[in-house]
Amino acid sequence: MWSTAAFVGNATLSYLNGTRGAGDTWYANSLANFLVFLCVEMHDASDLDRCVPSTSAYAAKNASSGICLALHDEGNCFAQNLCERRESCKWPLLTDEISVRVPLFTDADAVVATQWVRKSYPKTLYLYTVPGLLVAAVLVLSTWTFCVMRFGCNRCWGATPSRHGYTWLERWGPIVVFLWTTCFLIACAAIALAQGVAFQDAAQSIAGSTNATMTQLATVRTDAFVPFEALQTALPNVSRSDVAMALAPAARPGNWTNVVASMESFTDAYRDAGEYPLYACSRSPDAHLVPTTTSCTACPEVVCGDINGSLQRILDDTAPIALTPPLTTLLEPSVNASSTLDLGRLRAPLDSIRSLAAAYYTSTYPRLLHGFDVLESLSVRALQATLGLGLVSSALGLVGIFAGLVSGSSRLVHLLHGSWMTGVVFSFLGLVLGTYCLVLAVVGLDLCTYFSLMKSEPNRYLPSAGATIVAQCLGERTYETAFPELRPLAQWTCEGHAILESFALINLSQPLEAAEAYSARLQSFRPSTTFGYTMSELLRRIAALAVATTKATWTPTRLLSPWQVYGSALDPTPCTQLQPPDVSPLCFMALQCHGTNTTCYTSFERAYSLKRLDVDATALLASMTSTYVSGPKALYAAYATTTASSRTAYVHAIATNSSLGASLAAGQALACAPSLRCATFQAQAATLEAGLCHSTLEFLALCSALLFAATVCHLAQVLAAILLQKRLRGQDLHEMARRKQQAAVATCTDTCSTIRKQ
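According to the numbering used here, the sequence shown holds residues 8 to 765 in order.
Derived from the structure by calculation, the hints contain no laboratory data.
Each hint should be verified, as a subset may be incorrect.
Unchecked claim - Quick list of in silico lysine-lysine cross-link-like pairs, BS3-like style, CA-CA up to 30 angstroms:
#: 1; residue 1: Lys-130; residue 2: Lys-462
#: 2; residue 1: Lys-462; residue 2: Lys-126
#: 3; residue 1: Lys-558; residue 2: Lys-618
As the list claims (entries may be wrong) - Here are the computed distance ranges between Cβ atoms for each label pair:
#: 4; residue 1: Ala-115; residue 2: Gly-395; range: 48 to 56 angstroms
#: 5; residue 1: Gln-122; residue 2: Gln-689; range: 32 to 40 angstroms
#: 6; residue 1: Ala-255; residue 2: Pro-587; range: 54 to 62 angstroms
#: 7; residue 1: Thr-560; residue 2: Arg-528; range: 48 to 56 angstroms
#: 8; residue 1: Ala-205; residue 2: Thr-331; range: 38 to 46 angstroms
#: 9; residue 1: Gly-30; residue 2: Ile-74; range: 44 to 52 angstroms
#: 10; residue 1: Val-406; residue 2: Gly-30; range: 52 to 60 angstroms
Don't be surprised by glycine CBs; every beta carbon is placed ideally from N, CA and C.
Required output: the full structure, derived from the provided sequences and hints.
See the structure below:
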């Protein structure tokens with residue numbers, strides 16, 4: 008059913024489009040006349056005057072000096088000690104470049120427009136009113152004639168049922184027609200009333216969209232002019248010295264040079280740490296090496312060779328931040344570009360939209376809302392009342408039919424009189440309301456065409472500010488802001504904020520994590536896992552030493568003080584004074600073993616060299632860990648903390664203590680003002696177009712078609728009710744024949760009985 012309803016509505020709209028037959032020129036001239044008429048009728052005469060007092064908010068003044076713009080053409084306001092009006096629906100926007108002011112229309116144009124709206128345009132709608140109103144007039148005349156002839160002159164087959172009776176078809180034929188038309192009326196009413204809900208939603212969305220648009224334009228005074236005036240105050244003071252003064256009290260960033268130096272020093276100290284054990288393998292130039300029977304163990308690549316790579320990655324990750332130019336240098340392009348911003352070009356459209364919004368908010372806008380409200384309430388209520396009247400007519404008829412079928416003498420049969428009379432009223436009102444909806448649909452189609460024209464050629468029909476908004480926001484190519492004059496400011500603002508945000512938004516978490524990870528890695532190193540030292544090998548060598556020296560008390564610790572094995576707490580030989588600490592045990596054992604070429608000494612040296620590897624490697628790892636934690640790691644953590652806080656302080660100082668920061672904040676507020684954003688205008692225009700050109704038009708076209716169809720069908724119900732009012736009171740022809748047959752049989756029976764008795 009709903010698909011059928013949609014088809015009917017769309018078919019009606021297509022018919023209206025085809026019969027309108029107006030070209031682009033006709034629509035363009037019609038729209039121009041309507042706009043002139045609205046300008047004249049919805050504004051006071053004083054609102055259309057060229058001149059205003061200098062104290063008026065609509066006075067056109069120079070942006071910098073505040074003096075009224077003076078023209079010297081005929082009718083100028085300067086000669087009258089008044090100011091030129093900035094703009095109105097009659098006068099175009101006045102700028103410094105205009106020397107002669109020409110109105111958008113003359114008084115003669117206003118007269119022509121008024122004639123068009125009040126006389127010529129309504130005539131174009133007559134074609135759509137004639138059929139419905141003509142049928143309605145014929146219906147009224149026919150009903151009046153029928154009532155006079157039947158009830159006054161007893162004509163039109165009279166009011167008395169035929170004495171010959173009526174056949175089954177003559178009685179049930181009108182009943183079937185009555186029932187069918189009742190069902191059709193119920194279906195039409197259900198469709199129309201259901202679509203009425205969608206129409207009410209569409210009307211409310213139209214009103215809401217219009218309200219949102221006007222409210223958005225009206226808020227220009229607060230969300231656009233407040234930041235604009237702040238920008239006018241702050242922008243001229245933007246300079247390099249202004250930026251430098253703002254940054255002077257801020258804390259300095261961390262010392263990157265110290266961080267780099269500490270990491271380089273750490274790398275140089277441990278990158279070539281040498282081979283182990285040191286007493287036999289040291290690379291130190293002043294080392295006095297002792298011969299060894301075991302091979303030297305170099306510092307593993309994972310310990311010493313990876314120092315440069317690990318620390319260099321930390322430096323490389325931080326270098327883009329550390330080597331960033333000073334904020335004063337970064338902001339130089341913004342400071343230099345500030346002098347190129349022309350706020351005077353921006354003030355003109357802002358003044359225009361503010362004055363026009365104020366004017367339309369108090370004149371056109373309330374009447375538009377009232378018109379939408381009246382259209383919604385009148386159309387829906389009239390439709391409900393009319394369809395309700397038709398349903399009442401059908402209900403009365405059904406009661407009368409039921410009563411007539413039960414008993415032809417029932418007084419309720421006369422309800423059929425009320426049924427057909429009410430049906431005539433319904434048919435008349437349906438024709439009138441259907442014509443009304445049809446005309447509204449045609450007007451709606453014209454409005455949608457006007458809407459398309461204004462979107463395609465806004466400069467021809469709209470004031471400068473409105474034309475700019477439509478061109479920028481609703482044209483083929485749309486933009487973020489409604490005014491092109493805002494784009495340089497928006498770009499400058501975005502670039503300045505991008506510099507500040509990127510300067511403040513530093514993320515050193517990754518290099519900090521890398522520095523912490525390298526510290527944990529150093530602490531995890533062990534001689535057994537990095538230098539190839541194993542306790543099992545050491546114990547094996549100690550066992551061999553015990554055999555060679557015939558001493559069973561050797562332990563890993565006593566390898567460092569072999570005199571304890573021989574029963575002395577201290578070295579009793581001169582080796583302690585003559586040799587370095589790591590060589591004195593070898594000196595002692597050389598004496599005990601009576602030379603270095605003995606199995607005793609060789610076994611000790613092999614065990615001692617492995618133990619010294621453990622001791623020297625452990626000392627190296629501890630030294631690396633301690634030096635790194637107290638040096639590069641601590642300096643880098645301090646640098647990261649200081650730099651982050653310093654940069655935040657720098658950006659805060661620019662934002663709060665400089666004219667550049669104030670200008671950027673005001674510029675952002677102005678460029679992002681909701682009243683100047685295209686996104687909101689686009690959403691409201693889409694809602695308006697969908698509500699007017701789809702939901703509303705489809706509802707009006709559908710209602711018109713349904714009302715005409717229901718009216719025509721209901722006329723058949725009216726005729727059926729008129730016929731049934733007589734036929735249900737008359738005799739059933741078949742019943743009369745049956746009774747006559749029964750009477751004849753009874754008479755014949757009586758006659759035969761009499762004859763037999765005789």
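For a quick check of understanding: which of the numbered hints are violated here, in increasing order?
Of the numbered hints, 7, 8 do not hold.
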